[in-house]
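> Residue numbers (our numbering), protein chains in the order written: chain B, 49 to 160; chain Y, 249 to 364.
Hints listed in this document are in silico derivations from the structure and should not be mistaken for laboratory results. Computed from a predicted structure; not experimentally measured. Any given hint might turn out to be false.
Computed Cβ-Cβ distance ranges for the label pairs, DEER-style [unchecked claim]:
(1) Y/K257 <-> B/R107: 26 to 32 Å
(2) B/G63 <-> Y/D318: 31 to 37 Å
(3) B/A157 <-> Y/S287: 32 to 38 Å
(4) Y/E301 <-> B/A87: 32 to 38 Å
(5) Y/P256 <-> B/I65: 38 to 44 Å
(6) B/L102 <-> Y/G332: 38 to 44 Å
(7) Y/Q262 <-> B/G106: 43 to 49 Å
(8) B/G63 <-> Y/P256: 21 to 27 Å
(9) B/P55 <-> Y/S287: 14 to 20 Å
Virtual Cβ for every residue (Gly too), placed ideally from N, Cα, C.
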Amino acid sequence: GQNIDQPTEMTATEGAIVQINCTYQTSGFNGLFWYQQHAGEAPTFLSYNVLDGLEEKGRFSSFLSRSKGYSYLLLKELQMKDSASYLCAVRDSSGGYNKLIFGAGTRLAVHP
Amino acid sequence: DTAVSQTPKYLVTQMGNDKSIKCEQNLGHDTMYWYKQDSKKFLKIMFSYNNKELIINETVPNRFSPKSPDKAHLNLHINSLELGDSAVYFCASRDGGLSSYNSPLHFGNGTRLTVT
Chain B
49 GQNIDQPTEM TATEGAIVQI NCTYQTSGFN GLFWYQQHAG EAPTFLSYNV LDGLEEKGRF
109 SSFLSRSKGY SYLLLKELQM KDSASYLCAV RDSSGGYNKL IFGAGTRLAV HP
Chain Y
249 DTAVSQTPKY LVTQMGNDKS IKCEQNLGHD TMYWYKQDSK KFLKIMFSYN NKELIINETV
309 PNRFSPKSPD KAHLNLHINS LELGDSAVYF CASRDGGLSS YNSPLHFGNG TRLTVT
């Protein structure tokens, strides 16, 4: 089966750095995505990892370790607008086709 | 604007009614999806279509029937609505066939369905 775990809530201070972890179990791993979702809005794509290592995109970086079934999203220089839910999603191909399976999301609150 | 657009944004209806949600994308994508986000914020895939052909049906009750008249549209019809159907329904699209591993989903703004 498939399982994706991430913390339910996190808080951080404006200007700080926060790391959101995600662990997953899947039999047909084919890439990991991070999405941002503000309350009442659609999820928007942040990053993609399929190989081990760090992918950097401005203030956001994402890391993947396939052997450990582990990823994290690193947010630097936090801004108030970064308050949102962050969804870890694994592309799974075990059913003979690719489908994206989402975790429940981590709600991040950034305080002044 | 290039986007995934779905209507209506809000839908309030009574148990037993039948309702439809429409979705259109002008991104030229091959693949479209319906996802359901429940009160615990889990996004679960319901259906996927590739070039008008149903590819994924995730054990959704047959009261839910998707229809794709062309590859830019994927509508969702729900019969005999139940209280448990209350959720936010997101349409999404993606570039490339289902074997394309790195193209992200582009989501519509969601339809908040409330069944009373």
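> A separate judgement is required for each hint: does it hold in the structure or not?
Here's how the hints hold up against the structure:
1. Range check, Y/K257 to B/R107: Cβ separation about 30 Å, and the 26 to 32 Å hint holds.
2. For the hinted restraint 31 to 37 Å between B/G63 and Y/D318, the CB-CB distance of approximately 48 Å leaves it violated.
3. Taken as a hint, the range 32 to 38 Å is violated for the pair B/A157 and Y/S287, whose Cβ atoms sit roughly 19 Å apart.
4. For Y/E301 paired with B/A87, a C-beta distance near 35 Å keeps the hint of 32 to 38 Å intact.
5. For the pair Y/P256 and B/I65, the beta carbons lie near 40 Å from each other, so the given range of 38 to 44 Å is met.
6. For the hinted restraint 38 to 44 Å between B/L102 and Y/G332, the CB-CB distance of approximately 41 Å keeps it satisfied.
7. Between Y/Q262 and B/G106 the C-beta distance comes to about 47 Å, which sits within the given range of 43 to 49 Å.
8. Distance hint check: the CB atoms of B/G63 and Y/P256 are about 40 Å apart, inconsistent with the given range 21 to 27 Å.
9. Here the CB-CB span from B/P55 to Y/S287 is close to 19 Å, well matched to the stated 14 to 20 Å.
Consistency note: the structure conflicts with the earlier hints numbered 2, 3, 8.
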